[in-house]
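A.B. asks: Chains A and B are the protein sequences, given in the same order. FYI, the numbering for the first sequence is 1 to 152, going by my numbering. FYI, the numbering for the second sequence is 1 to 372, going by my numbering.
Check the hints yourself; a few may be wrong.
Here are some chain A residues pointing at chain B (derived, C-beta under 8 angstroms) [claimed, not checked]: (1) P33; (2) R36; (3) L38.
Residues from chain B that face chain A, not an exhaustive set, calculated with beta carbons under 10 angstroms [said to hold, decoys possible]: (4) V73; (5) H93; (6) L97; (7) L262.
Hints were generated in silico from the structure; no laboratory data involved. Because the structure is a prediction, the values reported are computed rather than measured. Ideal placement from N, C-alpha and C gives every residue a C-beta, glycine not left out.
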Amino acid sequence: MPPAEENDLKTRRAFLAAAGAAGLLYTAALAYPIYRYLASPNEMAMNATAVTEVTLKDAQKLPAGSVLMFKFGTAPAMLIHHLDGRWIGLTAVCTHLGCTVQYEPQADRIHCACHGGVYNPYSGANVSGPPPKPLKLFKVAVNETGVEVSRA
Amino acid sequence: MSTQTIPKPIEKPTEKANPLYDWVDERLGVSEMMAFARHKTVPVHSQSFWYYWGGISLFLFLVQCFTGVLLLVYYRPGAEAYESVRQITFVMHFGWLIRSAHAWSANLMMFSILVHTFSVYFMKAYRKPREFGWLSGMALLGIASVFGFSGYLLPMDELSYFATKVGLEIPSAIPWIGPAIATMLRGGPEVGEFTVQRFFALHVVVLPALFVPLLAFHLWLVQRHGNAAPPSVEALPASQRKSMPFVPNFLRKDLAMWLISLNVLALLASVFPWALGKQADSLVPAPAGIHPEWYFMSPFEMLKLLGNILPGESGEIAGLLLFTLGIALWILIPFYDNTKESGQKARAAHYFGLLAVFLLLATTVIGYWAAR
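Next up, chain A with everything else stripped away, as it sits in the complex:
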């Protein structure tokens, strides 16, 4: 290749590379605000999930054999006051496909209506059905003004 032509090719290549980089930067400058805009609710939820402790006011009055559903951060959770007086806090999201589970006092079990998963209401262990993992337990502290639920 003659040197002039080679030089020509080099400047051409450099120009195309610079134009490509400028185009990419331009696109990124447009895409970034749009991404952040659309991601806003998720970022807010992330801040909410950073919660490590929830105080449930007056929850100490919950009668034995009943349940209180509440939100731990953004996720559903349950506080069970068992007939034997024990207090148990658990996540209420089925580990199978994410439905909200239900405490059944008569059967003394936690049941998921979506696909029939069953959990132990004291330990959260997955007993039968499709759930692959147990429900997570929270630490529970009961006092005169309410119940404090925190990450175990």
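Given the coordinates of chain A, assemble chain B onto it according to the supplied hints.
C.D. replies: Positioned in the frame of chain A, the structure of chain B alone reads:
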């Protein structure tokens, strides 16, 4: 023979040998479309600059669709309208920028549509066979202003509230049926959450459903008849007329204009973010210096001036009549100024256009002067 540079037939041996291309081509006629694109040309003359404004309007409409969908992600019409716009503007990341881009782009789109309209008018591009292009264009302009009017209410701040209240006084001045029309548009006797809800339906469903097919028709007509050259150029012998191929020469310039428009929009939207006023409250008096958006200033001021000359209800009706007559004459211009010769009618149409421009500018200036 025109002196246009006929693009060399592009050799694409790979296309001929590509079975996938052949398969698609046989079903969709891609080759025909490409042949059409290769033969499409744009006239080149001293007024060619005005050809870009239709394309700029189209680009800004696309920006409106895109930013509009982004706003739709968080906007809630009805009673929560103001709160949701507050959230978009102050809580969501870059929400202020998206909203500002939508508002600025709306204004720029109105501006470029008006430039396009007047350049078509003065280049007499509405003459045979382009009458439908003119008519569909006027309909698009009309729908665009209803887009502007309905969108203005959606944030439900003070300005939107009073602008809508005053704007709906115009249809209610129509004799007999006027008040019923205004009440129907308002969704009750007062501007409120029901008004926002129905303006929202209008703004995001009804108007796009009317605008998009009409726009497609408008663009199809441009493909069918090509760009009109002004009469002075058309009078030249064919050998002195110049043109350039649409693909890639004009298309490249068109896209460059789009890029410039996008840069102007980005600059305006970020440096001058669109404000959000206080929440609309019918018990709070209208703020001082309140005035309509610039593209409604002229008709508003014309009606006001006519109302001053002819006071009372008869004045209102006479004003509306005169106004409607003017618009009708403007729309029907292709059927009056219909010959290629530059005779009496062509001159009359030209003066009518100048009169319209003068009236629009003068009443806009008077309107801003009065609102100081």
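A.B. asks: Confirm or reject each hint.
C.D. replies: Now the hints, each set against the structure:
About 4 angstroms separates the beta-carbon of P33 (chain A) from the nearest beta-carbon of chain B, less than 8 angstroms, and the hint is met. Checking R36 (chain A) against chain B: minimum C-beta separation of about 4 angstroms stays under 8 angstroms; hint holds. The interface hint given for L38 (chain A) is met, as the beta carbon of that residue sits about 7 angstroms from the closest beta carbon of chain B, less than 8 angstroms. The interface hint given for V73 (chain B) holds, since its Cβ lies 7 angstroms from the closest Cβ of chain A, which is under the 10 angstroms cut-off.
Restraint check, H93 (chain B) versus chain A: the minimum CB separation of about 4 angstroms is within 10 angstroms; hint holds. Interface hint at L97 (chain B): satisfied, since its Cβ lies 6 angstroms from the closest Cβ of chain A, which is below the 10 angstroms cut-off. The beta carbon of L262 (chain B) comes within 8 angstroms of a beta carbon in chain A, closer than 10 angstroms, and the hint placing it at the interface holds.
When each numbered hint is compared with the structure, no violation occurs for any of them.
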